[in-house]
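Trainee: Here is how the chains run, residue by residue.
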Amino acid sequence: MKKQNKLRHYLGKQEIAGYVFILPFIIGFLAFMAIPMFLSFVFSFTDYDILSKPAFIGINNFKNMFFNDPKFWKVFKVTLKYVIFSVPLKLLMALLVALLLVRNTKLSGFYRAVYYLPSIIGSSVAVAILWRRMFASDGVINSILQSIGIPSNIPWLGRESTAIWTLIILTVWQFGSSMLIFLSGIKQIPVTLYESAKVDGAIGIQRFFKITLPMLTPTIFFNLINQLINGFMAFTQSYIITQGKPRDSTLFYTVYMYQNSFTYNKMGYGSAMAWFMILILSVLTFILFKTQKYWVYYEAEN
Amino acid sequence: MARSMKKTNILSKIIYHLFTMTFAFVMIYPLLWMILGSFKENIQLLQRPEELWPEPFTLENYKLGWQGFAGYDFGIFFKNSFIIAGLSTIGAVISSSIVAYGFARCSFKLRGFWFSCMLLAMMLPFQMIMIPQYILFNKMGWVGGYLPIIIPHFFGQGFFIFLNVQFIKGIPRDLDEAATIDGCSIYSIFPRIILPLIKPSLVTTAIFSFMWRWDDFLSALIYLSDPMTYPVSYALKMFSDPSVGTDWSSMFAMATLSLVPIFIIFFTMQKYLVEGIAATGIKG
Numbered sequence: 001m002k003k004q005n006k007l008r009h010y011l012g013k014q015e016i017a018g019y020v021f022i023l024p025f026i027i028g029f030l031a032f033m034a035i036p037m038f039l040s041f042v043f044s045f046t047d048y049d050i051l052s053k054p055a056f057i058g059i060n061n062f063k064n065m066f067f068n069d070p071k072f073w074k075v076f077k078v079t080l081k082y083v084i085f086s087v088p089l090k091l092l093m094a095l096l097v098a099l100l101l102v103r104n105t106k107l108s109g110f111y112r113a114v115y116y117l118p119s120i121i122g123s124s125v126a127v128a129i130l131w132r133r134m135f136a137s138d139g140v141i142n143s144i145l146q147s148i149g150i151p152s153n154i155p156w157l158g159r160e161s162t163a164i165w166t167l168i169i170l171t172v173w174q175f176g177s178s179m180l181i182f183l184s185g186i187k188q189i190p191v192t193l194y195e196s197a198k199v200d201g202a203i204g205i206q207r208f209f210k211i212t213l214p215m216l217t218p219t220i221f222f223n224l225i226n227q228l229i230n231g232f233m234a235f236t237q238s239y240i241i242t243q244g245k246p247r248d249s250t251l252f253y254t255v256y257m258y259q260n261s262f263t264y265n266k267m268g269y270g271s272a273m274a275w276f277m278i279l280i281l282s283v284l285t286f287i288l289f290k291t292q293k294y295w296v297y298y299e300a301e302n
Numbered sequence: 001m002a003r004s005m006k007k008t009n010i011l012s013k014i015i016y017h018l019f020t021m022t023f024a025f026v027m028i029y030p031l032l033w034m035i036l037g038s039f040k041e042n043i044q045l046l047q048r049p050e051e052l053w054p055e056p057f058t059l060e061n062y063k064l065g066w067q068g069f070a071g072y073d074f075g076i077f078f079k080n081s082f083i084i085a086g087l088s089t090i091g092a093v094i095s096s097s098i099v100a101y102g103f104a105r106c107s108f109k110l111r112g113f114w115f116s117c118m119l120l121a122m123m124l125p126f127q128m129i130m131i132p133q134y135i136l137f138n139k140m141g142w143v144g145g146y147l148p149i150i151i152p153h154f155f156g157q158g159f160f161i162f163l164n165v166q167f168i169k170g171i172p173r174d175l176d177e178a179a180t181i182d183g184c185s186i187y188s189i190f191p192r193i194i195l196p197l198i199k200p201s202l203v204t205t206a207i208f209s210f211m212w213r214w215d216d217f218l219s220a221l222i223y224l225s226d227p228m229t230y231p232v233s234y235a236l237k238m239f240s241d242p243s244v245g246t247d248w249s250s251m252f253a254m255a256t257l258s259l260v261p262i263f264i265i266f267f268t269m270q271k272y273l274v275e276g277i278a279a280t281g282i283k284g
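Chains as they are written, first to last, in my numbering: chain A, 1 to 302; chain B, 1 to 284.
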């Protein structure tokens with residue numbers, strides 16, 4: 001009886017209770033993330049086909065990646081191009097539409113829903129199938145172009161110059177969730193700022209560049225990091241819509257990594273690719289954080 | 001003077017709505033085209049794609065598409081999807097709220113460290129850990145079943161922990177203190193006081209988790225090999241494989257059907273979705 005009380009007292013301490021509550025996370029973090037990541041780091045220095053034992057080969061995977069695998073740089077460039085175009089376009093679109101929807105009307109809720117819907121379903125297999133049909137040479141895009149007088153029978157998905165753009169358009173189409181974040185950011189800007197700007201004679205466009213945009217920079221920063229990571233991780237579009245075709249011009253980094261690891265059973269090489277991407281993402285995030293002080297405006301400082 | 005002001009006001013309103021409405025139509029057009037296309041005959045869908053309205057209107061595509069492929073119909077795939085998304089979501093809601101309570105209400109050693117680990121877990125995309133996870137689950141003999149897809153969600157998911165922490169922090173501590181005076185222990189405060197108050201963030205967790213799991217096809221692609229076990233997302237991919245599928249109307253029918261649960265959640269739970277995104281900036 002006494003022992004039980006002691007135990008209860010012991011478990012009741014915050015110090016202990018905290019660990020009891022977060023225990024699931026600690027177990028999950030160690031088992032499904034930390035240890036696997038550590039193992040993957042080790043595997044990246046091995047030749048490992050999952051059936052036989054991993055064989056240590058030093059930095060050969062990285063050497064092969066950088067110097068002997070032209071496809072590696074190809075997919076890296078393709079992914080980079082996709083990110084460089086889709087992320088800024090998506091954010092720009094999100095910001096513009098947020099500015100459009102900030103006006104309160106009876107239809108606001110309806111508009112918000114319609115603009116937001118694509119980002120909820122955009123990465124699904126269903127939409128990937130739809131995109132493949134839309135941009136086919138006898139698809140709806142060409143026939144709409146024809147019906148408004150532009151003769152077009154471009155095989156959008158079959159040409160190297162256009163295929164990647166169908167994927168970029170699909171990504172930009174999903175600007176909805178970024179838009180909602182911008183919308184709530186705009187609504188948090190104190191009205192007094194605009195009022196004092198009015199006194200100073202700032203109008204329209206000026207108001208946007210002097211108040212709205214600077215006050216939104218933290219939101220832009222947040223969205224930018226999020227979307228950059230999402231962009232580099234894009235998989236479904238490339239895997240289902242274009243399957244990397246034509247001539248690997250739409251083959252994304254993650255798809256090539258997947259192929260190496262699971263189609264060709266080169267787990268070591270796949271791990272090396274994953275770690276290289278983690279490095280790129282960390283460096284990018286780090287640089288962005290460092291540039292914050294030049295362009296991101298935080299209220300507390302000023 | 002006042003009258004002309006009013007006139008320009010109305011004019012600007014009309015222009016605003018005309019523009020916003022037109023653009024909204026462009027945005028939603030692909031979806032309309034797919035949904036209406038699922039009721040068209042193949043010949044109309046492929047030869048006169050610019051026509052939006054089905055003529056004639058047919059339900060044949062749903063009948064044909066439902067039969068699926070290789071003897072497995074979509075009833076099986078839908079059942080599988082509900083099992084996977086349902087169980088993962090239950091796991092995510094329970095575990096994330098418990099872990100969040102620990103982070104938000106208890107002070108313990110290394111709390112900052114574990115919180116950073118949580119943020120790290122939140123930032124690290126699945127694509128980056130899928131290879132070592134696969135190796136691990138392969139060793140455990142779990143590959144081919146649902147365990148590797150479902151079980152990790154029972155150990156707290158970064159985003160949802162974060163969401164719930166934010167929400168719990170908004171609840172006044174006075175409530176906890178009052179409960180302690182009434183004899184509640186730190187363990188009973190959670191179910192009695194906190195849990196009923198964080199219903200909104202639990203609902204937000206549940207709907208985002210369910211939608212993401214429902215859409216997810218990468219983990220099915222990696223772990224499943226028997227068509228009997230495929231979720232809808234993966235089955236749809238196989239069903240529409242260029243080497244197999246040429247019946248676009250049926251593909252559209254099943255694609256539309258696969259989105260129905262998402263549409264239902266979207267239209268009934270919009271408030272939670274919008275607020276959830278605004279509160280945490282969850283990616284969508």
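Keep in mind the hints are simulated off the structure, nothing from the lab.
It cannot be assumed that every hint is accurate.
To be verified - Cross-link-like lysine-lysine pairs, in silico, DSBU-like; alpha carbons within 35 Å at most: (1) B:Lys169 <-> A:Lys293; (2) B:Lys271 <-> A:Lys210; (3) A:Lys245 <-> A:Lys77; (4) A:Lys187 <-> B:Lys7; (5) A:Lys106 <-> A:Lys77.
Stated by the list, open to error - So the derived label-pair ranges between C-beta atoms look like this: (6) A:Phe110 <-> B:Gly75: 43 to 51 Å; (7) A:Thr263 <-> B:Pro191: 41 to 49 Å; (8) B:Asp241 <-> A:Phe110: 48 to 56 Å.
Here a beta-carbon is modelled for each residue, glycine too, at the ideal position from N, C-alpha and C.
Trainee: Next step is simple, just say for each hint if it's right about the structure.
Mentor: Checked hints:
Distance restraint check for lysine 169 of chain B and lysine 293 of chain A: the Cα-Cα separation of roughly 29 Å lies within the 35 Å cut-off, and the hinted pair is therefore satisfied. At most 35 Å may separate the alpha-carbon atoms for a hinted pair to count; lysine 271 of chain B and lysine 210 of chain A meet this at roughly 32 Å. Restraint check for lysine 245 of chain A and lysine 77 of chain A: the C-alpha separation of about 15 Å stays at or below 35 Å, so the hint holds. Under the criterion of a C-alpha separation no larger than 35 Å, the hint pairing lysine 187 of chain A with lysine 7 of chain B is consistent with the structure, at around 28 Å.
A hinted pair counts as satisfied when its Cα atoms are at most 35 Å apart, and lysine 106 of chain A with lysine 77 of chain A does not qualify at roughly 46 Å. Between phenylalanine 110 of chain A and glycine 75 of chain B the beta carbon distance is about 34 Å. The supplied range of 43 to 51 Å is therefore violated. At about 48 Å, the beta-carbon gap between threonine 263 of chain A and proline 191 of chain B stays in the expected band of 41 to 49 Å. At about 37 Å, the beta-carbon gap between aspartate 241 of chain B and phenylalanine 110 of chain A misses the expected band of 48 to 56 Å.
Hints 5, 6 and 8, counting from the list given before, are not met by this structure.
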